[in-house]
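Colleague: Protein sequence lines correspond, in order, to chains A and B.
Residue numbering for the first sequence follows the UniProt record's numbering, starting at 1 and increasing by one per position.
Residue numbering for the second sequence follows the UniProt record's numbering, starting at 1 and increasing by one per position.
Rather than coming from a laboratory, the hints here were simulated on the basis of the structure.
Only a predicted model underlies this, so the values are computations on that prediction, with no experimental measurement involved.
Using N, Cα and C, we set each Cβ at its ideal position, and we do this for glycine too.
Each hint can be trusted.
Using C-beta positions, here's what the derived DEER-type ranges look like:
hint, chain 1, residue 1, chain 2, residue 2, range
1, A, K120, B, E294, 48 to 58 Å
2, A, E294, B, T292, 51 to 61 Å
3, A, T292, B, E253, 54 to 64 Å
4, A, R318, B, D106, 16 to 26 Å
5, A, S108, B, K254, 50 to 60 Å
6, B, E253, A, R318, 38 to 48 Å
7, B, W321, A, E320, 31 to 41 Å
8, B, E42, A, S108, 47 to 57 Å
9, B, D106, A, T70, 21 to 31 Å
10, A, T72, B, V231, 37 to 47 Å
11, B, D106, A, S75, 33 to 43 Å
12, A, H315, B, V231, 19 to 29 Å
13, A, D309, B, P250, 32 to 42 Å
14, B, K254, A, Q234, 27 to 37 Å
Protein chains: 2
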Amino acid sequence: MLEEIQKWMMKKKPEAISFLQQMVRKNSEQGNEKEVQLLIAEKLKDIGCEVDLWHPDEEEFFQHPYFCATRTDFSNSPNVAAVIKGTGGGRSVVLNGHVDVVPPGDISQWDNDPYSGAIKDGKLYGRGATDMKGGNLCLLLAMECIKDLKLDLKGDVIFHSVMEEESGGAGTLAAILRGYTADAAIIPEPTNMKIFPSQQGSMWFRIHIFGRSAHGGTRYEGVSALEKAMVVIQEIQRLEKTRNERITDPLYEKIPIPVPINLGKISGGDWPSSVPDCIMIEGRIGVAPDETLEQVRKELEDRMTSIQDDWLTKHPPRVEWFGAQWLPGSIDKEHELMQLLKKRFKDISGAEPVIEASPWGTDGGLLTALGHTPSIVFGPGVTSVAHYPDEYIEMDKIFEAAAMITLTILDWCEVAHQPQQKELLKKEK
Amino acid sequence: MLEEIQKWMMKKKPEAISFLQQMVRKNSEQGNEKEVQLLIAEKLKDIGCEVDLWHPDEEEFFQHPYFCATRTDFSNSPNVAAVIKGTGGGRSVVLNGHVDVVPPGDISQWDNDPYSGAIKDGKLYGRGATDMKGGNLCLLLAMECIKDLKLDLKGDVIFHSVMEEESGGAGTLAAILRGYTADAAIIPEPTNMKIFPSQQGSMWFRIHIFGRSAHGGTRYEGVSALEKAMVVIQEIQRLEKTRNERITDPLYEKIPIPVPINLGKISGGDWPSSVPDCIMIEGRIGVAPDETLEQVRKELEDRMTSIQDDWLTKHPPRVEWFGAQWLPGSIDKEHELMQLLKKRFKDISGAEPVIEASPWGTDGGLLTALGHTPSIVFGPGVTSVAHYPDEYIEMDKIFEAAAMITLTILDWCEVAHQPQQKELLKKEK
Chain A
1 MLEEIQKWMM KKKPEAISFL QQMVRKNSEQ GNEKEVQLLI AEKLKDIGCE
51 VDLWHPDEEE FFQHPYFCAT RTDFSNSPNV AAVIKGTGGG RSVVLNGHVD
101 VVPPGDISQW DNDPYSGAIK DGKLYGRGAT DMKGGNLCLL LAMECIKDLK
151 LDLKGDVIFH SVMEEESGGA GTLAAILRGY TADAAIIPEP TNMKIFPSQQ
201 GSMWFRIHIF GRSAHGGTRY EGVSALEKAM VVIQEIQRLE KTRNERITDP
251 LYEKIPIPVP INLGKISGGD WPSSVPDCIM IEGRIGVAPD ETLEQVRKEL
301 EDRMTSIQDD WLTKHPPRVE WFGAQWLPGS IDKEHELMQL LKKRFKDISG
351 AEPVIEASPW GTDGGLLTAL GHTPSIVFGP GVTSVAHYPD EYIEMDKIFE
401 AAAMITLTIL DWCEVAHQPQ QKELLKKEK
Chain B
1 MLEEIQKWMM KKKPEAISFL QQMVRKNSEQ GNEKEVQLLI AEKLKDIGCE
51 VDLWHPDEEE FFQHPYFCAT RTDFSNSPNV AAVIKGTGGG RSVVLNGHVD
101 VVPPGDISQW DNDPYSGAIK DGKLYGRGAT DMKGGNLCLL LAMECIKDLK
151 LDLKGDVIFH SVMEEESGGA GTLAAILRGY TADAAIIPEP TNMKIFPSQQ
201 GSMWFRIHIF GRSAHGGTRY EGVSALEKAM VVIQEIQRLE KTRNERITDP
251 LYEKIPIPVP INLGKISGGD WPSSVPDCIM IEGRIGVAPD ETLEQVRKEL
301 EDRMTSIQDD WLTKHPPRVE WFGAQWLPGS IDKEHELMQL LKKRFKDISG
351 AEPVIEASPW GTDGGLLTAL GHTPSIVFGP GVTSVAHYPD EYIEMDKIFE
401 AAAMITLTIL DWCEVAHQPQ QKELLKKEK
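All chains, full assembly: derive it from the sequences and hints.
Modeller: So this is what it looks like as structure tokens:
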């Protein structure tokens, strides 16, 4: 079966690469996911799946405590799902991938058009190539392979092509609410072929630090919000240290800071010769797999009101939670889907897989916490090029990962009978 | 003579207050000084002065090393000067006041329209009331009083009504270049009736601090420009300490930080979950009376390239000098104009004057350094309301200061003969 799958993948390569180019060439920034979703829906129909394409609009979706998006108009952002129904008695699996991409940023930093899909030296270039249209192609190949080889499985295989992952997972939320959950999930985000049973969650926050204005020439008559911001930043650095010292899971052994607190943005003051009376800091706090978002919010907020500083005690920093959030997620390291994927990784690559914790959040958090679908993150693509100019994916890795994932699905969902496949083998001889 | 001057001031009060209202009601933000200058020119003509109203446009002005402005179009910003020519053999004096005002800021923080000129409880309200149209009124009263009482003086009295003081003194530069200098000067900026023989100079600077970007979830792969900015800020705090420890002049005895370095503005980073790769800080550095701007620039720049930090050594912060600058200025504490003003202060108020160093720059720096006209800063108005909402001036103080200044001018320039005045006295009896 392994050889058969690999052979099928090789045969499909040219057509699949061309399809990846088509996906990359559709700019699918948030709010603009429709075209690529229609393309994927068409492909699913071609391979013989019934397709569910819908625009989330129910009240339950918008009112859900885990609804987190910067918009309420999803009219140009449909979700797509397709199910290969099992014969019964088997375990089901969700294959989840997002189609939204982050903006290309400063175009002048790209060698080619950000949506070129250009191919060079075995790499395919373009925004989304790695994050995560290459991964989506793995899933589509798995779906097509199962259909094409007429492999009847006992469990359902449920494919999600979701929108809006990059700022908090509204697409996957909608898929879960529509009932597309399973016994476990695989999400081929770009892990550089590492297997991530745990994913760091994260949230964005904004802190306002207050001072008292004065003329710069008599700055001692005021209280500099910038000096107070430095006190706040030092407290945040201490908090990060405390939070990370608590983490003992060996998955995090090689990660210098398992759940970092990143301060990404600062602004404040409006005149060089005035004492600034307000500074705003925006950042991202990592959430460990065993934490809830509520616990983490409370911990940061409590720290901000207990800083040892007279001024800050009387004028405590104000914490806001805004923008994106990703729930942490984890699957037991000894979960059978983990065992199966590890085995198939070794079968195909000949090497031991690297098992680590993900330094960023994925839709696996929502699938785990809300959909009761423990998720493994594993896919082709190098994380370091995601969100950067000249994003690319090594094409060979896509097919390697696709074969590993397909075989793992067959093991997990169990092949009921493969008469068609035998017939096919005969024919090929 | 003292009583005579005081009597004259009392008589003029209603008319003068009404004129101050007119001045305040003319919004004279930079680039918009024309209307108030026309008003002042008219007043000077009314009291019998020949008026010089001109738009600085000569190459010498724009090319001058002390030219410092955010614009090159002064077509709506004339300067005004008027001279009461002396009979000869006496010392001359410059009376300098600026008409430009800073913007009103957030209008909702004002109780009244910022240009209302409203009067309540002995105070006149409006942007510029204190900084420094109230002071300008003192000078106009002095001019009018000398004319009205027909006091022939030996030395020239040279009145400047200048634009563009609030960002570096281009108006006073133009007046100096046009030849309006003297043996000494009085500038009635709002000192709250303190006498400032020394004025702090200042310059604006901008510092760019560089880091290396990375995803916030793996922030340890980047170098936070914000963390490096904190190192830079600490170095600036040390520099401020060093610079102030050098100042031993007793004038600064009661001033906690004689020449502060104010960090007024910060911004950097563009995404909460990215490591910021550039932070910009804007500030103002105070310049001591015995320092040159060049020395101060070099000291800050040298500090920025010698910070003990591996990253910053390899990626040194970039310092820019932009926007406003004010030269420091000083007059000998024992200068005769100082003695005269101190005496007249005591004569009228009955109290000893407070002698201090000014915590901010004025056009006195340019007058001293370029115009060889040592300057005293002394005027009505409370500094703390300048540049703030609901700016106001206590009206009584204007007339007190005007009398002190007028008497000081008479002493300094020397009354040649006052037959007209004697005649006038007789008539009034």
